[in-house]
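These protein sequence lines map, in sequence, to chains A and B.
Per the numbering used here: the first sequence = residues 1 to 299.
Per the numbering used here: the second sequence = residues 1 to 492.
It is worth saying that the hints were derived from the structure and are not from the lab.
Backbone N, C-alpha and C fix where the C-beta goes; we use that ideal spot for every residue, glycine too.
Any given hint could turn out to be false.
[What the hints assert, rightly or not] Taking beta-carbon pairs under 7 Å as the criterion, some of the chain B residues facing chain A (in silico):
#, residue
1, V153
2, L156
3, I157
4, T161
5, F197
6, A284
7, V292
8, L471
[To be verified] Have a look at the derived ranges for each label pair, beta carbon to beta carbon:
#, chain 1, residue 1, chain 2, residue 2, range
9, B, M491, A, P244, 49 to 59 Å
10, A, T75, B, S218, 52 to 62 Å
11, A, A279, B, T441, 26 to 36 Å
12, A, P123, B, L409, 38 to 48 Å
13, B, G384, A, D73, 48 to 58 Å
Take a look at the letters that make up each chain.
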Amino acid sequence: MTATTEHREPGVPPLRRTPRWRQMLGRGPLHFVIALLLLLWLVPTFGLFVNSFRPGAAIRFEGWWTGLFPPWDFTLENYQHVLTAQGIGDAFVNSLILTIPATIIPITVAAFAAYAFAWMNFPFKNLLFVVVVGLLVVPLQMTFVPLQILFRDMGLAGSFIAVWLAHTGFGLPFALYLLRNFMGALPREVFESAAIDGASAPGAFFRLAVPMSVPAIAALAIFQFLWVWNDLLVALIFLGPNIPNHPLTVVLANLVNSLGGQWHFLTAAAFISMALPVAVFLLLQRYFVRGILGGSVKG
Amino acid sequence: MTGGMTGAGGARDIRTAYLAMLGGPVGAHRWYLGHRFACAAYVVALALFVGSFLLFRERVEAGFGQLWLVALALFIGQLLLDAMAIPRWVALANRSGEQRYTEEDIPWPPLVIAVIAMFAFVLVVPPLLGVLGGVLGQAFGSARIGAQGALVVLVLIGVPTVLVGYIVLTEQALRHFPPRFQTGMRPWLWLFPALAFLFIFLVYPTILTFIRSLQDQSGTTFVGLANYEWFVGSEGALVALRNNMLWLVFFTLMTVGFGLAIAILLDRVRYESAAKTVIFVPMAISFVAAAVIWRFMYDWSIPGTPQTGTVNALLVTLGSPVDMQPIDWVRDQRNMLGLLPLPDLIPGIERLTQVALNNISLIFVGAWMWTGFCMVILSAGLKGISTELLEAARVDGANEWQVFRRIILPLLMPTIAVVSTTMIIFALKTFDIPYAMTAGTLDTQVVALEMWNQFRFNQYGRASAVAVVLLAAIVPVMLINIRRFREQEAMR
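If we strip away everything but chain A, and leave its shape as in the complex, we get (with noise of 0.2 Å):
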């Protein structure tokens, strides 16, 4: 904006400067109101944190905001019983179980097929890729009676490989989607040079359009690893009544109902199913932001 007001074409009049106080306290509001904004959206975090480290009996009679003034009361012990007693700590571990086979698949299958979508000529091809278009928003819904009914009759029923191919399936169209833009927006002389130099099919799409594409898998895996480690429905659907293979979803959406009086554990509870996710995210978000731009509004 200085630069806009110090190289003015001749003959517009100069705008008058106002003197830097008054600009800070013009924006003042300004500042106010994103304050105000900001703590909507830190506070609600923020106070379950703080109560996940407070005995039962004190969240249950003071706010959370008590707890951060003397005289101090904090404990592990809420940790400490859901790791053991309640679960936590298995359900972890089948998160992570659930999640890595299921982020890894649908990449991989998608991989090959939008590279056909960006780079091979076959008849049908925009009829074929409309139709992943469709299925993007297909409710999941539409599928649980069906696909339920075949994992029992393959004995898959409530088993770890059923979940992985159910969010395989509904994770590709995504998948498809992301990556057949991004490949197809890489530059088509580095493959045509590739074509002239001999390169094979499978050459050109190991050795450039892989490589070029790191960005939008790695875009790819972190929203697919959190929507996994984040649903509740598909594990729910598929696990059902296998309750050792429960995620943390899972077990955290059926303490809320069992826990009643002993909302304490919760916070700690559902601290543990935050930490990873909101951790990758943190440290990846600049890939997964590129991802959501370029599998809703594409460039």
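Start from chain A and add chain B according to the hints.
Just chain B now, kept in the frame of chain A:
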């Protein structure tokens, strides 16, 4: 090429011919064994392969056995292709050297590779997985987790290997065919795994669900539209439909509205990226965790006692001059449109046209999570508007509101449309927040939750009908998405 192999001149020519066809690495074939021995090894290995599969089948996971079969199928496929290619190797070798060959001279190197690979698979993989499972089981103190962990490792190595192997193998197969057939066939081979997954896990079940929605609970007899009649006649299902409408309107308005406002506000300050992260982070946590967070925010105690919920504590403290009473946000079903009474849709069920407060409370939790998503996309759109345009308007005397109303809003409209359709889909599919906050009681159920309730009690016909209703609600948005996609493609 392969130094030290000159003694076996004849074999070298035929090997060169073979490699010229495959374009594969030369060094890999140094340990060429010879025709008869390879055949014998092949038979022994196949016996071992099948035998060990039968042996291990009882003990390994179901998926493991299926992987075994896939490997076997790939192996047999390779074998057939090589057999088909033998006459062409011979022709090629005869063209290059002075010596004449017959098919008897073929050394079958790919078979040898396959035999070694199979031995490795049979002899190495199961014990390795067993050891890994044991180690993991020890580490986590649970044999079940050990076995599952070993399976995860198998999947992580196996799935990419099988897929890459599939592509390389089909590429080898394609080399036996004329170039035009190759370019015509290759895309379908590359698409096949993804299309198979899409078909098995999305398309085919969707079709079956349509059919299932016309059948009774057991799925044996067709009952016409009885399941849909049940839906229309069930008060709970209708309230769920009403709540989805509330989600659609308020969730979309809140997320897009807040997102736009925050994007514009933050565009003017220097701490923009840090502030954006704060708004964005709730997206990384699960709806269930958010439900827990907000149950503490919304907590309600009897009036007069200290309020432990943040919202009510603020309400009572700030509202003390007017004697503000705490509100039970999650249970209070008061109609927010009390001043604007709408006519009853169906006589006798007046709550179908009411905007119940507790639903708005739940919707706000969803909005709190997804505003960041809208903000990021809208902010990117905002950055795409040229600053010169905005400056020009300001120099011409437009105030900030006019700049927003006349320039920013029209230019952002396409982005707002994209974000809104995404949010509408989320609103229609919403499940987790009502499930975790109220379990659908107190008239907060939504269609997806209704589907789960029918599913849970094995009412598969009714569950399917509810799913079809959900799909019907989403189809218009889907068509909008497809049209937008086609417009984008036309501009490429």
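How the hints compare with the structure:
| no. | hint | result |
| --- | --- | --- |
| 1 | V153 | violated, 9 Å |
| 2 | L156 | holds, 6 Å |
| 3 | I157 | violated, 10 Å |
| 4 | T161 | violated, 10 Å |
| 5 | F197 | holds, 5 Å |
| 6 | A284 | holds, 4 Å |
| 7 | V292 | holds, 4 Å |
| 8 | L471 | holds, 5 Å |
| 9 | M491/B - P244/A: 49 to 59 Å | holds, 52 Å |
| 10 | T75/A - S218/B: 52 to 62 Å | holds, 53 Å |
| 11 | A279/A - T441/B: 26 to 36 Å | holds, 34 Å |
| 12 | P123/A - L409/B: 38 to 48 Å | holds, 43 Å |
| 13 | G384/B - D73/A: 48 to 58 Å | holds, 52 Å |
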